[in-house]
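Participant: Sequence:
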Amino acid sequence: MAGHLLGWTLVALGAGAAVGNLVRLALVRGWVRYEAGAEVVMGVGMAVMAAPPTASLYGTYGVWWAALFGLLCLGGVALSVRHAVRGGVRQLRHGAHLVIGSAAMVVMTLAMPGAASGPTLALAGSSGHGHGGAAGTEGMSGMEGMGAHGVTEAAAASGSAMVWRVAFWVLAAYFLGSVALAVRARLREPGGSSAGSAARARHRRASRTPDMLSVPNARLAGHIGMGGSMATMLLMMTV
Numbered sequence: 006m007a008g009h010l011l012g013w014t015l016v017a018l019g020a021g022a023a024v025g026n027l028v029r030l031a032l033v034r035g036w037v038r039y040e041a042g043a044e045v046v047m048g049v050g051m052a053v054m055a056a057p058p059t060a061s062l063y064g065t066y067g068v069w070w071a072a073l074f075g076l077l078c079l080g081g082v083a084l085s086v087r088h089a090v091r092g093g094v095r096q097l098r099h100g101a102h103l104v105i106g107s108a109a110m111v112v113m114t115l116a117m118p119g120a121a122s123g124p125t126l127a128l129a130g131s132s133g134h135g136h137g138g139a140a141g142t143e144g145m146s147g148m149e150g151m152g153a154h155g156v157t158e159a160a161a162a163s164g165s166a167m168v169w170r171v172a173f174w175v176l177a178a179y180f181l182g183s184v185a186l187a188v189r190a191r192l193r194e195p196g197g198s199s200a201g202s203a204a205r206a207r208h209r210r211a212s213r214t215p216d217m218l219s220v221p222n223a224r225l226a227g228h229i230g231m232g233g234s235m236a237t238m239l240l241m242m243t244v
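The C-terminal residue of the sequence shown carries number 244 in our numbering, and the numbering is unbroken.
There may be inaccurate statements among the hints.
[To be verified] Here are the in silico distance ranges between beta carbons for each label pair:
| hint | residue 1 | residue 2 | range |
| --- | --- | --- | --- |
| 1 | Ala31 | Ala83 | 16 to 26 angstroms |
| 2 | Leu240 | Glu194 | 27 to 37 angstroms |
| 3 | Gln96 | Trp13 | 38 to 48 angstroms |
| 4 | Gly42 | Arg91 | 26 to 36 angstroms |
| 5 | Arg193 | Val37 | 16 to 26 angstroms |
| 6 | Leu76 | Arg193 | 30 to 40 angstroms |
| 7 | Val94 | Ala185 | 17 to 27 angstroms |
| 8 | Val220 | Ser165 | 36 to 46 angstroms |
| 9 | Leu62 | Arg193 | 22 to 32 angstroms |
| 10 | Pro57 | Val94 | 43 to 53 angstroms |
Bear in mind the hints are in silico, worked out from the structure with no lab data behind them.
Since we're looking at a predicted model, the values are computed, not measured.
Every residue, glycine too, gets a C-beta built ideally from N, C-alpha and C.
All chains should be modelled from the sequences, with the hints used to inform the complete structure.
Facilitator: Listed below in structure tokens is the structure:
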């Protein structure tokens, strides 16, 4: 990635997302357990992808990781459709975050180089950053004596890379926004009624020591870890 310190920071965020969703997995029931389990897998994948010792190993087996995240994405789509059938089109949003997260993991996996090959996406292949530096160097050395057909291919690759960069920027903005909305929702969760405020005032001492292993806290930890690490890695892959 971009240095050991940032890599291990992303590992901590991914691990935090996995742990938070493991707690949520043990506390919830129904389809929410699938969502929590899927985010545990994504958190682990993020940590392996970011850790300096395992980053190249991750890319070597990227096809298997991409297939796994693709299956999670399909599961999220199925859950969204199930909710829409039972509760209307508005219920599609319940599985949308999982679908977007899984799809983002697929494209990030395809942008990671392996031990013996470059990244699959043209994004990294035409970039000079850590993920595609080797591929970019080979491309520059092969430009000597390039004909018109080669120039056309290079232009097409450059255009494809720009499309992927824009997609990564949009995804990064989405995940940053999801973190902000999750924090906002958690802060507003207790409610604002006068009766509730009075009850909280009477039990102020008890409220000073909230249950850290509650479902809302676990969900928030998962959102912050997943959203923060995904947004950071997506932005790094566009540099």
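Participant: Does each hint hold? Answer for all of them.
Facilitator: Cross-check of the supplied hints:
Between Ala31 and Ala83 the CB atoms are about 23 angstroms apart, so this pair conforms to the stated range of 16 to 26 angstroms. Range check, Leu240 to Glu194: about 29 angstroms between beta-carbon atoms, so the 27 to 37 angstroms window is met. Hint check: Gln96 to Trp13, Cβ distance near 39 angstroms, so the stated range 38 to 48 angstroms holds. Our hint of 26 to 36 angstroms for Gly42 and Arg91 is violated, since their Cβ atoms are close to 21 angstroms apart.
With their beta carbons about 20 angstroms apart, Arg193 and Val37 fall inside the hinted range of 16 to 26 angstroms. The hinted window of 30 to 40 angstroms between Leu76 and Arg193 holds, with their beta carbons roughly 34 angstroms apart. Remark: the range hint 17 to 27 angstroms for Val94 to Ala185 is upheld by a beta-carbon distance near 25 angstroms. Take Val220 and Ser165: their Cβ atoms lie about 42 angstroms apart, and the range 36 to 46 angstroms holds.
The hinted range of 22 to 32 angstroms is not satisfied by Leu62 and Arg193, whose Cβ atoms lie roughly 42 angstroms apart. Separated by about 44 angstroms at the C-beta atoms, Pro57 and Val94 satisfy the suggested range of 43 to 53 angstroms.
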